[in-house]
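Taken in order, these protein sequences are the chains called R and W. Residue 1 is where the first sequence starts when you use this note's numbering, and the numbers rise one by one after that. Residue 1 is where the second sequence starts when you use this note's numbering, and the numbers rise one by one after that.
Worth flagging that the hints you see were computed from the coordinates, not collected in a lab.
Where chains are identical, the list cannot tell them apart; a pair therefore holds if satisfied intra-copy or between any two copies.
With a Cα cut of at most 25 Å, we get these calculated DSS-like pairs of lysine-lysine:
1) LYS185 to LYS139
2) LYS201 to LYS108
3) LYS185 to LYS135
4) LYS185 to LYS209
5) LYS108 to LYS209
6) LYS113 to LYS40
7) LYS185 to LYS201
In this text the structure is predicted, and so the values were computed from the model without any measurement.
There are 2 protein chains.
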Amino acid sequence: MAQHLIRAFNNPDVSAPQVELIQAFSRKKDQLIHLLDSGKIIDDFQDLAQADLYILAISDDAIAAVSSQLPFENRLVVHTSGSVAITDLDDKNRKGVFYPLQTFSKEKLVDFKNIPVCLETQNESDYAIVETVAKSISKTVFPIDSNQRKALHVSAVFVNNFVNHLYQIGQEICEENHVPFEILKPLILETVQKIMVLSPKEAQTGPAKRNDLATIKSHQLFLSNENHDTIYKILTQSIQHNGKKL
Amino acid sequence: MAQHLIRAFNNPDVSAPQVELIQAFSRKKDQLIHLLDSGKIIDDFQDLAQADLYILAISDDAIAAVSSQLPFENRLVVHTSGSVAITDLDDKNRKGVFYPLQTFSKEKLVDFKNIPVCLETQNESDYAIVETVAKSISKTVFPIDSNQRKALHVSAVFVNNFVNHLYQIGQEICEENHVPFEILKPLILETVQKIMVLSPKEAQTGPAKRNDLATIKSHQLFLSNENHDTIYKILTQSIQHNGKKL
Chain R
1 MAQHLIRAFN NPDVSAPQVE LIQAFSRKKD QLIHLLDSGK IIDDFQDLAQ
51 ADLYILAISD DAIAAVSSQL PFENRLVVHT SGSVAITDLD DKNRKGVFYP
101 LQTFSKEKLV DFKNIPVCLE TQNESDYAIV ETVAKSISKT VFPIDSNQRK
151 ALHVSAVFVN NFVNHLYQIG QEICEENHVP FEILKPLILE TVQKIMVLSP
201 KEAQTGPAKR NDLATIKSHQ LFLSNENHDT IYKILTQSIQ HNGKKL
Chain W
1 MAQHLIRAFN NPDVSAPQVE LIQAFSRKKD QLIHLLDSGK IIDDFQDLAQ
51 ADLYILAISD DAIAAVSSQL PFENRLVVHT SGSVAITDLD DKNRKGVFYP
101 LQTFSKEKLV DFKNIPVCLE TQNESDYAIV ETVAKSISKT VFPIDSNQRK
151 ALHVSAVFVN NFVNHLYQIG QEICEENHVP FEILKPLILE TVQKIMVLSP
201 KEAQTGPAKR NDLATIKSHQ LFLSNENHDT IYKILTQSIQ HNGKKL
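Throw the hints in and build the complete structure from the sequences for me.
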């Protein structure tokens, strides 16, 4: 996350003139040397310069500790986590959240312009600061309180982590039966493109939606992996009951 | 499906010179009048002209009956279903399958060129016929036997129908918490784009993959809908066990 943010703030196409990346802190300066002038990289909290905003792009469980170690008070400090409360930040500074809702991996660059950034602060003047900074790198910026952010984070697990796991199961079924998974990729793309124009409920198709019991039964007989079968059953029932309690 | 095929065969950009759509049969001729010259639309099996290939683009449970009603013998007749065996076609004609692996809806046109067509016949000379026809409308054509076709169909339920249902759950969680589902769409797109370059296993992220038990517990406490909670639990366990038996 930190590296993607540094890249975004240093992109001359994106940055607004009033937003400047002053420093980046890392315990391992080497990891940032390909991204930033070495003069801007520090590894000692005592070297932190004065700034309008400090972004802690660190793992969830380090947020409380690192925010308490900062050697200053009453400045604006934000974290970038979808699941940590704003109140986990240390009380000695003003608090906020700067949560870019995207999946980041080191292997794949992302275009920050299209990533929604969810913002929360404890007062309005601080909101104006984080909003200016967020709008310098992204086209879409939302005020999102901690409860809404949690809903987004849980929802993201379904539409990103769990969806990816279903892709993996699809691939396993293909491999077991000597079919290239590639054949399914146009279908996978179309499934996503459909919900850009239809609601997921309108876009739903398949044997569970049609209540086609013969096909469902034949699929379940076909599935030799017990785990795949369990997931098939649960998701089929959920579609049949239209998401209501089973 | 029939309408999408008629559109594809009549597309002058796509059709090969040696492939010609001679007739389309429909019990309701009106439904095809916007797609085809009325002289080519028939509603009586007795009017069926001589052709190298007859495509039954009809619902699964009509395939056996319609193939038995055809008033000719020893011609090549194929169905377009992912889940019906080639042997369900009536014995009086030569049999085949012409299965475009895609999700079709009346509301949304598709570009047939990018749809993989899975082909099966009972002899090689018939394969050459269906291959010529399939290649006239699609860039990707695969020989797929009935068992492989079934694997693709089951796999498609996971990567299309079930994935779409997870999108619906994501939307429900957003709605319950007054967050626009739109915020998740860039993440949804990135999730798909990732598996175009990484395998699903390599692309997997999230609390279940990291075995982040604190986040998993907090998500489960957050989920008020029992059905969402059940699905969260099953898919989390499946990721934790990496798809192995629970």
